[in-house]
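Visitor: Protein chains in written order, with my numbering: chain A, 682 to 794; chain B, 45 to 156.
Keep in mind that the hints were calculated from the coordinates and are not lab data. Treat the hints loosely; a few may be bogus.
[To be verified] Examples of chain B residues toward chain A, derived with CB under 7 Å:
(1) K93
(2) F146
(3) G149
Ideal placement from N, C-alpha and C gives every residue a C-beta, glycine not left out.
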Amino acid sequence: EPEVTQTPSHQVTQMGQEVILRCVPISNHLYFYWYRQILGQKVEFLVSFYNNEISEKSEIFDDQFSVERPDGSNFTLKIRSTKLEDSAMYFCASSVGGLGNQYFGPGTRLLVL
Amino acid sequence: AQSVSQHNHHVILSEAASLELGCNYSYGGTVNLFWYVQYPGQHLQLLLKYFSGDPLVKGIKGFEAEFIKSKFSFNLRKPSVQWSDTAEYFCAVKDYGQNFVFGPGTRLSVLP
Chain A
682 EPEVTQTPSH
692 QVTQMGQEVI
702 LRCVPISNHL
712 YFYWYRQILG
722 QKVEFLVSFY
732 NNEISEKSEI
742 FDDQFSVERP
752 DGSNFTLKIR
762 STKLEDSAMY
772 FCASSVGGLG
782 NQYFGPGTRL
792 LVL
Chain B
45 AQSVSQHNHH
55 VILSEAASLE
65 LGCNYSYGGT
75 VNLFWYVQYP
85 GQHLQLLLKY
95 FSGDPLVKGI
105 KGFEAEFIKS
115 KFSFNLRKPS
125 VQWSDTAEYF
135 CAVKDYGQNF
145 VFGPGTRLSV
155 LP
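Build the full structure now, drawing on both the sequences and the hints.
Guide: Written out as structure tokens, the structure reads:
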């Protein structure tokens with residue numbers, strides 16, 4: 682069964698550094714998403730992406746965040762200057778349609794020191 | 045804005061006990077409803093979903109959920125839990141034009 686994959690599984694970075702989290706969505710999916718889950722808290726929506734542009738974003742997704750689909754297979758989340766409060770598990774998801782089930786990747790655990 | 049609540053933060057059961065996890069949402073229009081499970085150290089996995097039709101939906105691993113529109117609820121049930129059901133369970137709601145809103149999660153601990 683096809684899966685969403687994410688790399689790296691863990692990333693440790695210094696505050697103020699840039700990080701790029703990578704995702705490979707399921708190949709025939711058209712909608713892509715990023716979520717985060719701060720330890721002990723609920724999963725929060727960050728952004729959705731369709732047809733090479735952001736379709737929706739939450740209040741969390743400020744100017745420090747950006748997404749890109751650089752090569753037709755990868756879907757990346759960049760945090761330009763990380764803050765301590767960016768420490769969380771970041772999940773990528775993809776879906777065939779905008780209303781359908783989203784398949785989640787295993788997540789990248791980001792720790793900002 | 046849509047919000048999702050889950051009744052219990054942590055549920056502890058013995059094996060073979062019956063399970064019911066509550067989920068309520070706020071938006072009253074057409075919604076799609078989901079239950080996801082996150083086993084320790086693993087990623088989110090879909091248990092079951094409701095789009096339309098029969099309000100009683102059956103998912104994997106013996107789970108089922110019932111959509112009651114009048115109560116804005118989508119409770120998850122399993123007649124007899126196993127130790128391997130120990131996990132965190134998330135209810136999620138998607139209404140038209142919006143993205144998934146997750147509930148805060150319910151941690152289920154099943155004692156052998």
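Visitor: Output the numbers, in ascending order, of every earlier hint that fails for this structure.
Guide: Result: no hint breaks.
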